[in-house]
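Engineer: Protein sequence lines correspond, in order, to chains A and B. Yeah, the first sequence ends on 114 if you go by our numbering, and it's all consecutive. Yeah, the second sequence ends on 229 if you go by our numbering, and it's all consecutive.
Don't take each hint at face value.
[Stated by the list, open to error] Lysine-lysine pairs mimicking BS3-like chemistry, simulated, CA-CA at most 27 Å apart:
# : chain 1 : residue 1 : chain 2 : residue 2
1 : B       : Lys182    : B       : Lys221
2 : A       : Lys36     : B       : Lys182
3 : A       : Lys40     : A       : Lys53
4 : B       : Lys183    : A       : Lys38
5 : A       : Lys9      : B       : Lys182
6 : A       : Lys19     : B       : Lys182
7 : B       : Lys172    : B       : Lys182
8 : A       : Lys9      : A       : Lys40
9 : B       : Lys221    : A       : Lys41
[What the hints assert, rightly or not] Per the computed footprint, the stretches of chain A lying under chain B, defined by three or more beta-carbons under 8 Å from a beta-carbon of chain B, are:
#  : region
10 : 17-29
11 : 106-112
[Stated by the list, open to error] Away from chain A, derived, C-beta distances all over 12 Å, residues of chain B:
#  : residue
12 : Ser123
13 : Val133
14 : Arg136
15 : Leu162
16 : Asn175
17 : Ala200
18 : Thr215
19 : Val227
Hints listed in this document are in silico derivations from the structure and should not be mistaken for laboratory results. Being a predicted model, the structure only gives us computed values, none of them experimental. Quick reminder that beta carbons are idealized off the backbone N, C-alpha and C, glycines included.
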Amino acid sequence: DTEVTQTPKHLVMGMTNKKSLKCEQHMGHRAMYWYKQKAKKPPELMFVYSYEKLSINESVPSRFSPECPNSSLLNLHLHALQPEDSALYLCASSQLGSQGAGYTFGSGTRLTVV
Amino acid sequence: AQSVTQLGSHVSVSEGALVLLRCNYSSSVPPYLFWYVQYPNQGLQLLLKYTTGATLVKGINGFEAEFKKSETSFHLTKPSAHMSDAAEYFCAVSDANQAGTALIFGKGTTLSVSS
Numbered sequence: 001d002t003e004v005t006q007t008p009k010h011l012v013m014g015m016t017n018k019k020s021l022k023c024e025q026h027m028g029h030r031a032m033y034w035y036k037q038k039a040k041k042p043p044e045l046m047f048v049y050s051y052e053k054l055s056i057n058e059s060v061p062s063r064f065s066p067e068c069p070n071s072s073l074l075n076l077h078l079h080a081l082q083p084e085d086s087a088l089y090l091c092a093s094s095q096l097g098s099q100g101a102g103y104t105f106g107s108g109t110r111l112t113v114v
Numbered sequence: 115a116q117s118v119t120q121l122g123s124h125v126s127v128s129e130g131a132l133v134l135l136r137c138n139y140s141s142s143v144p145p146y147l148f149w150y151v152q153y154p155n156q157g158l159q160l161l162l163k164y165t166t167g168a169t170l171v172k173g174i175n176g177f178e179a180e181f182k183k184s185e186t187s188f189h190l191t192k193p194s195a196h197m198s199d200a201a202e203y204f205c206a207v208s209d210a211n212q213a214g215t216a217l218i219f220g221k222g223t224t225l226s227v228s229s
């Protein structure tokens, strides 16, 4: 299995809703990442997990809450989002100590906040 | 800190013409360099990467790139453009010396191919 699987592919939520994005990989990668991508812009790093521990938080608002319950799963919990949070959310993974092996990206969750 | 600069936010070529997308990097440590392609409403697909060794790197779909340390460049080329190459292209860099570092992306170049 050489894929990163993200669910759901599309999500529409209200500003008072709570929802979660899910990311799963079975490549044995011990680094996992969340990126946010607005239209016509590059992906922007949000969070990095190394060995299931949060190692980087790029000053992301607390309405985004990441979780890494095990080495294969990465979640992003969403609460009280704003319309400007509408974007494509990308998950990626890589082997720790071997970034040259590459980063594998999921196909993303397209989030619309109404 | 590392960064990537992609020169030209939009490049237009004719079908069959040479494709050249420019990328310059800034890094105080040995970099790993990547090119990704993104088609509309899709995720990122790795085209090619430079880690160590041969500086001319060949990727998928006929693309290649050359790492030039003296010029801090990693330009992407393809001898003959196809209509299917129309997409967004991102150059990215990561720190070769530090585990668990994330990719840092350039602003992207939109490639248009006309018939």
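Engineer: Using Cβ atoms and 12 Å as the threshold, tell me whether arginine 136/B really stays out of contact range of chain A.
Structural biologist: holds (15 Å)
Engineer: Is the Cα-Cα distance between lysine 36/A and lysine 182/B 27 Å or less?
Structural biologist: violated (30 Å)
Engineer: Please settle this one: valine 227/B was flagged as non-interface, so is its CB more than 12 Å from every CB on chain A?
Structural biologist: holds (18 Å)
Engineer: Test coverage of the region 17-29 of chain A by chain B using CB-CB distances below 8 Å; three residues minimum.
Structural biologist: violated (count 0)
Engineer: Say whether it holds or is violated: valine 133/B keeps its Cβ farther than 12 Å from all Cβ of chain A.
Structural biologist: Non-interface label stands for valine 133/B: nearest chain A Cβ at 20 Å, farther than 12 Å.
Engineer: Are all beta-carbon distances from threonine 215/B to chain A longer than 12 Å?
Structural biologist: violated (6 Å)
Engineer: Against the 27 Å threshold, does the CA-CA distance of lysine 19/A and lysine 182/B hold or violate the hint?
Structural biologist: With a Cα-Cα distance of about 45 Å, the restraint between lysine 19/A and lysine 182/B is violated, given a limit of 27 Å.
Engineer: Far enough from chain A: is every CB of that chain over 12 Å from the CB of serine 123/B?
Structural biologist: violated (9 Å)
Engineer: Does the no-contact call for alanine 200/B survive, Cβ to all of chain A over 12 Å?
Structural biologist: holds (15 Å)
Engineer: Check whether three or more residues of the region 106-112 of chain A sit with their beta carbon closer than 8 Å to a beta carbon of chain B.
Structural biologist: Per the Cβ count (4), the hint holds.
Engineer: Regarding the pair lysine 172/B and lysine 182/B, is the alpha-carbon distance no greater than 27 Å?
Structural biologist: Distance of about 15 Å is within 27 Å: holds.
Engineer: Tell me if the straight-line CA distance from lysine 9/A to lysine 182/B falls inside 27 Å.
Structural biologist: violated (39 Å)
Violated hints, listed in ascending order, are 2, 3, 4, 5, 6, 10, 12, 15, 18; each of the other numbered hints is respected by the structure.
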